[in-house]
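> Same order as they appear, the protein sequences are chains E and F. Heads up, the first sequence is in the working numbering, so the first residue is 1 and it goes up one at a time. Heads up, the second sequence is in the working numbering, so the first residue is 1 and it goes up one at a time.
Hints listed in this document are in silico derivations from the structure and should not be mistaken for laboratory results. Check the hints yourself; a few may be wrong.
[Said to hold, decoys possible] Over the 12 Å line for every Cβ pair with chain E, so calculated as not near, a few chain F residues:
#, residue
1, VAL12
2, GLY31
3, LEU74
4, ARG89
5, VAL92
6, ASP103
7, ARG106
8, LEU124
9, GLU125
10, ASP168
11, ARG208
12, ALA212
13, GLN243
14, GLU254
15, ARG266
[As the list claims (entries may be wrong)] Which residues of chain E face chain F? A few of them, derived with a C-beta cut under 10 Å, are:
#, residue
16, TRP7
17, LEU11
18, ALA132
19, VAL133
[As the list claims (entries may be wrong)] Here are some chain E residues the structure puts well away from chain F; computed CB gaps all over 12 Å:
#, residue
20, ALA12
21, PRO13
22, ALA17
23, LEU20
24, THR29
25, GLU52
26, PRO58
27, LEU72
28, ARG85
29, CYS86
30, ALA91
31, ALA119
32, ARG122
Built from N, CA and C at the ideal position, the CB exists for glycine as well.
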Amino acid sequence: MRFDRAWFEALAPALAADPLYARVSSHLTARLLFEADGWSSLVRLERGRIAEVQAPPPLMAAWDFAFRGDELAWDDLLAPVPPPRCQSVFALAKAGRMRLDGNWLVLMQNLWAVTCLLALMRAHEAGVSGAAV
Amino acid sequence: MPRFEPIVGRYVHLECAGRAYRVYFEEAGAGIPLLCLHTAGADGRQFRHLLNDAAITERFRVLAFDLPWHGKSLPPAGWYADEYRLTTRHYVDLIFAFADALDLNRPVVLGCSMGGKILLQLALERPDDCRALIALEAAAHQQPWYNLDWLDHPHVHGAEVCAALVWDLMAPQSPLERRHEIWWTYAQAGPGVFKGDLYFYRVDSDFRERLAGVDTRRCPLYLLTGAYDFSCTPEDTQRTATQIPGARVTIMEELGHFPMCENPKRFRQYLLPVLDEILAREPPPG
Numbered sequence: 001m002r003f004d005r006a007w008f009e010a011l012a013p014a015l016a017a018d019p020l021y022a023r024v025s026s027h028l029t030a031r032l033l034f035e036a037d038g039w040s041s042l043v044r045l046e047r048g049r050i051a052e053v054q055a056p057p058p059l060m061a062a063w064d065f066a067f068r069g070d071e072l073a074w075d076d077l078l079a080p081v082p083p084p085r086c087q088s089v090f091a092l093a094k095a096g097r098m099r100l101d102g103n104w105l106v107l108m109q110n111l112w113a114v115t116c117l118l119a120l121m122r123a124h125e126a127g128v129s130g131a132a133v
Numbered sequence: 001m002p003r004f005e006p007i008v009g010r011y012v013h014l015e016c017a018g019r020a021y022r023v024y025f026e027e028a029g030a031g032i033p034l035l036c037l038h039t040a041g042a043d044g045r046q047f048r049h050l051l052n053d054a055a056i057t058e059r060f061r062v063l064a065f066d067l068p069w070h071g072k073s074l075p076p077a078g079w080y081a082d083e084y085r086l087t088t089r090h091y092v093d094l095i096f097a098f099a100d101a102l103d104l105n106r107p108v109v110l111g112c113s114m115g116g117k118i119l120l121q122l123a124l125e126r127p128d129d130c131r132a133l134i135a136l137e138a139a140a141h142q143q144p145w146y147n148l149d150w151l152d153h154p155h156v157h158g159a160e161v162c163a164a165l166v167w168d169l170m171a172p173q174s175p176l177e178r179r180h181e182i183w184w185t186y187a188q189a190g191p192g193v194f195k196g197d198l199y200f201y202r203v204d205s206d207f208r209e210r211l212a213g214v215d216t217r218r219c220p221l222y223l224l225t226g227a228y229d230f231s232c233t234p235e236d237t238q239r240t241a242t243q244i245p246g247a248r249v250t251i252m253e254e255l256g257h258f259p260m261c262e263n264p265k266r267f268r269q270y271l272l273p274v275l276d277e278i279l280a281r282e283p284p285p286g
């Protein structure tokens, strides 16, 4: 299953080690849901750090913002070099391949930090080290 | 010895629609004027690589001005009472106020995104006053795809949200250093300026029913769009081109919405042949 607890636990050191993410995520406190058919992961971030992972989350779990797409959309987004117009959750949402839901104020207040987080998730998925963003 | 670039920056005073403007521009080179128009919410710094490219400046006088409200061009007197909103009419008038003030004779005009889209209006309205039009990341129409209110919202860091939104429009192959520079320039726009520019881009510039009026025999039109651009997609540009006989389309691989500044080395591979073609069309001197 993609994005299980062990995956996020392995991502945590990369978040802590990335100087840009560390700098821009210090106000990122939010519950983000990542989902596809067949899996669902709820990540609670506190000041940018992963504080808790529930995969799958329990019934009635609350979240601030959700990123949902089919497995192929996640494959494209997280490819080491994404195909054209698959480099962003917004690109995929515009194309109807992802759904973005939740409290938009939380997302827009933290958009740069979340953008960096997604880039680090891509690098972690691909096993790439070095600056991801 | 100090290491100077060949770029020279100056201010010129313009009058447009009854208001006075002090406009900053940069230029380099000599030859046919090549007037460059920046993207929404940005400024002429996007063209610093073109202005430093001897393969271009030895044949073209390259000029890039900051639209009023952008970069080093201040808003006009009394601006603080206005909501900034760029319209098609005002944009065309500003472009020609600048070109006339500098006595530019039939410039080649190159613009990106909104700077590319306005070239469709120039093609319709002033084809004999331009030598050629090079529209980057441009199409007759783009479906609005997000709520612009977030770009100027009291609960959101406007600088960061504008910069973060455009970050995603760039190709992942573009050098990080260049992408971060674009991020930085977007973070420097005045409050509401990006949103005000997008009024032109999204609301006041639907060319879909007007493309039949573009005559590329009077003024050649080149449309170049990055494969990674999901704001103005290659399909958007190609759809536009199919309705303009003679329009030339190039889809630029491994480039996004800001080709001239996100990956200048790659972009010049696409631009130089276009400039060569424009020069080849010039009558021999004498």
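> If a hint holds in the structure, say so; if it doesn't, say that too.
Checked hints:
1. VAL12: Label holds. Min Cβ-Cβ 36 Å, cutoff 12 Å.
2. GLY31: Consistent with the label, GLY31/F stays out of reach of chain E, its closest Cβ about 35 Å off (over 12 Å).
3. LEU74: Holds, because the least Cβ-Cβ distance between LEU74/F and chain E comes to about 27 Å, which exceeds 12 Å.
4. ARG89: 29 Å, holds
5. VAL92: Holds, because the least Cβ-Cβ distance between VAL92/F and chain E comes to about 29 Å, which exceeds 12 Å.
6. ASP103: The claim stands: ASP103/F keeps its Cβ more than 12 Å from every Cβ of chain E (closest is about 42 Å).
7. ARG106: Non-interface label on ARG106/F holds, nearest chain E Cβ at 35 Å vs cutoff 12 Å.
8. LEU124: 28 Å, holds
9. GLU125: 31 Å, holds
10. ASP168: 4 Å, violated
11. ARG208: 19 Å, holds
12. ALA212: 28 Å, holds
13. GLN243: 22 Å, holds
14. GLU254: 9 Å, violated
15. ARG266: 14 Å, holds
16. TRP7: 22 Å, violated
17. LEU11: 19 Å, violated
18. ALA132: 9 Å, holds
19. VAL133: Check passed: Cβ of VAL133/E comes within 7 Å of chain F, closer than 10 Å.
20. ALA12: The claim holds: ALA12/E sits with its nearest Cβ about 23 Å from chain F, beyond 12 Å.
21. PRO13: Non-interface label stands for PRO13/E: nearest chain F Cβ at 21 Å, farther than 12 Å.
22. ALA17: Consistent with the label, ALA17/E stays out of reach of chain F, its closest Cβ about 17 Å off (over 12 Å).
23. LEU20: 9 Å, violated
24. THR29: 15 Å, holds
25. GLU52: For GLU52/E, whose nearest Cβ neighbour in chain F is about 25 Å away, the distance exceeds 12 Å, so it holds.
26. PRO58: 30 Å, holds
27. LEU72: 17 Å, holds
28. ARG85: Nearest chain F Cβ is 4 Å from ARG85/E, so the label is violated.
29. CYS86: 9 Å, violated
30. ALA91: For ALA91/E, whose nearest Cβ neighbour in chain F is about 4 Å away, the distance does not exceed 12 Å, so it is violated.
31. ALA119: About 9 Å separates ALA119/E from the closest Cβ of chain F, which leaves it inside 12 Å; violated.
32. ARG122: The assertion about ARG122/E is violated, with a minimum of 9 Å to chain F.
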